[in-house]
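Participant: Residue numbers (the working numbering), protein chains in the order written: chain L, 23 to 215; chain B, 3 to 167.
Note that these hints are calculated values from the structure, not bench results. Mixed in with the good hints, there may be bad ones.
[What the hints assert, rightly or not] Simulated crosslink set (BS3-like; lysine-lysine; CA at most 30 Å straight-line):
{"hint": "1", "chain 1": "L", "residue 1": "Lys-94", "chain 2": "B", "residue 2": "Lys-148"}
{"hint": "2", "chain 1": "L", "residue 1": "Lys-119", "chain 2": "L", "residue 2": "Lys-153"}
{"hint": "3", "chain 1": "B", "residue 1": "Lys-148", "chain 2": "L", "residue 2": "Lys-212"}
[To be verified] Restraint-style ranges between C-beta atoms, simulated for each label pair:
{"hint": "4", "chain 1": "B", "residue 1": "Arg-124", "chain 2": "L", "residue 2": "Ala-117", "range": "32 to 42 Å"}
{"hint": "5", "chain 1": "B", "residue 1": "Gly-160", "chain 2": "L", "residue 2": "Val-146", "range": "43 to 53 Å"}
{"hint": "6", "chain 1": "B", "residue 1": "Ala-106", "chain 2": "L", "residue 2": "Leu-64", "range": "43 to 53 Å"}
{"hint": "7", "chain 1": "B", "residue 1": "Glu-5", "chain 2": "L", "residue 2": "Pro-92", "range": "29 to 39 Å"}
{"hint": "8", "chain 1": "L", "residue 1": "Pro-45", "chain 2": "B", "residue 2": "Met-147", "range": "25 to 35 Å"}
{"hint": "9", "chain 1": "L", "residue 1": "Pro-45", "chain 2": "B", "residue 2": "Gly-160", "range": "44 to 54 Å"}
{"hint": "10", "chain 1": "L", "residue 1": "Gln-192", "chain 2": "B", "residue 2": "Gly-160", "range": "55 to 65 Å"}
[Unchecked claim] Part of the chain L face toward chain B, derived, beta carbon under 10 Å:
{"hint": "11", "residue": "Met-77"}
{"hint": "12", "residue": "Gly-86"}
{"hint": "13", "residue": "Leu-89"}
{"hint": "14", "residue": "Glu-215"}
Being a predicted model, the structure only gives us computed values, none of them experimental. Don't be surprised by glycine CBs; every beta carbon is placed ideally from N, CA and C.
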Amino acid sequence: MRPEEGTMQSRARAIQALLELIPGDVPVIICNGFPSREAFKLVDRPTHFYMMGSMGMAAAIGLGVALAKPAKKVVVLDGDGNVLMGLGTLGTVGALKPKNFIHVVLDNEVYGSSGNQPSYARVVRLDQVAKAAGYAHVERVREREDLVYEFKDLLGKDGPGFLLVKVSEQAEDVGWVSLEPSQITQRFRKAIE
Amino acid sequence: MIESEAFVQALEDIGFDFFTGVPDVLLAGVIETLLTRRLYTPAVREDEAVAMAAGAYLGGRVPAVLMSNAGLGTSLNTLLSLNLLYRHPCLLIVAWRGFEGHDAPEHRSMGQVMTPLLDTVRIPHRTLSDATALDDFNWVAQTFMKTRIPVALLLKPGVVRGIQP
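Next up, chain L with everything else stripped away, as it sits in the complex:
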């Protein structure tokens, strides 16, 4: 099912490309496990919300921010395991259609933070689920240049947008997010006021 596995970019490379394109004043919700830890190591901004627990809830948190701040773009960096766990939220987003909501799913088809157990994302087309749920724009990419092109495109469009990024299972050697959760809350609230 994954013939070009060897040429795939890593999740950290994809996160780096995305964070380079996201303006510094745009709130970014990052799902729990390696995505938050890798993003924190790459670049830490007060506009980042690093989710530690509450698996499956990244999109719901981002949706709450998007509804509270309709004039600001909101980006969610999610994982395939998280999306499958909170699949109902695709329906909520598709029904509410927040124009400022961009949902990026870094899909490595495994539960990478707990030992690379296979996820159903290798058979369930999450991009097609998002499309059926009612997201306004849905794209699926693998190459870095396609990721950059499509994400820039989504940033300039009315959403909700959904970008599925196929990434390899490779994980960086990263520590925990060394911030107090209450500090993450306080600085995030201040940064997006």
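For this one, chain L is given, so just place chain B on it according to the hints.
Facilitator: This is chain B only, laid out in the frame that chain L set:
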């Protein structure tokens, strides 16, 4: 019995401006009022509602989540590892299904253990009554921002006008 309009108005007066949740028959009147006032954003699961409320708080809003006590079970991990950990306050308006055992069988267990469960996870709670309503709303207002964690207002059958099970 407290009218739904008065209940919603009291919450609006305190400052609540973001309402989400999953319906329960005991909450039907309140949700209808919230929908009429265009204040309610439906969720599909109670943990999703709690997470949306957390996001709304991050965006500067004052959130309340409506749910049955069955939904409290669904929300437990999100309440613990998001709201309590990150200090995201929200008001949980919880329908007390299975109160004193007089309800459909599926509500018996949670009806019995709900308040010890809230005590165990250290979520402050209070049961709304017609006679103490003013005090109850004052308690909500004072506890909410002071603690910066979720607080629960429990609704027994027949206290706020709705559809009775």
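Participant: Please test the hint of 43 to 53 Å on the beta carbon pair from Ala-106 (chain B) and Leu-64 (chain L).
Facilitator: 51 Å, holds
Participant: Need the status of pair Lys-119 (chain L), Lys-153 (chain L): alpha-carbon distance at most 30 Å?
Facilitator: Holds, at roughly 12 Å.
Participant: Under 10 Å is the threshold here; is the Cβ of Glu-215 (chain L) close enough to any Cβ of chain B for the hint to stand?
Facilitator: Since chain B brings a Cβ to about 7 Å from Glu-215 (chain L), closer than 10 Å, the hint holds.
Participant: Can Met-77 (chain L) be said to touch chain B, with a Cβ gap under 10 Å?
Facilitator: This hint holds: Met-77 (chain L) lies near chain B, its Cβ roughly 8 Å from the closest one there, short of 10 Å.
Participant: Can the suggested window of 25 to 35 Å be confirmed for the beta-carbon pair Pro-45 (chain L) and Met-147 (chain B)?
Facilitator: Roughly 31 Å apart at Cβ, these two residues keep to the hinted range, so it holds.
Participant: With a cut-off of 10 Å on the beta carbons, see whether Leu-89 (chain L) makes it to chain B.
Facilitator: Hint holds; Leu-89 (chain L) Cβ to chain B Cβ min 6 Å, cut 10 Å.
Participant: Taking the beta carbons of Pro-45 (chain L) and Gly-160 (chain B), is their distance inside 44 to 54 Å?
Facilitator: 52 Å, holds
Participant: Given a hint of 29 to 39 Å, does the C-beta separation of Glu-5 (chain B) and Pro-92 (chain L) actually sit inside it?
Facilitator: Taking Cβ atoms as reference, Glu-5 (chain B) and Pro-92 (chain L) lie about 31 Å apart, which means the hint holds.
Participant: Indicate whether the distance between the beta carbons of Gln-192 (chain L) and Gly-160 (chain B) respects the range 55 to 65 Å.
Facilitator: For Gly-160 (chain B) against Gln-192 (chain L), whose Cβ atoms are near 59 Å apart, the range 55 to 65 Å holds.
Participant: For Lys-148 (chain B) and Lys-212 (chain L), compute the direct alpha-carbon distance and say whether it is at most 30 Å.
Facilitator: At roughly 18 Å apart (the allowed maximum being 30 Å), Lys-212 (chain L) and Lys-148 (chain B) satisfy the hint.
Participant: Is the gap between the beta carbons of Gly-160 (chain B) and Val-146 (chain L) within 43 to 53 Å?
Facilitator: 45 Å, holds
Participant: Any CB of chain B closer than 10 Å to the CB of Gly-86 (chain L)?
Facilitator: For Gly-86 (chain L), the interface hint holds, since the closest Cβ of chain B sits about 2 Å away, which is under 10 Å.
The structure is consistent with each of the numbered hints, conforming to all of them.
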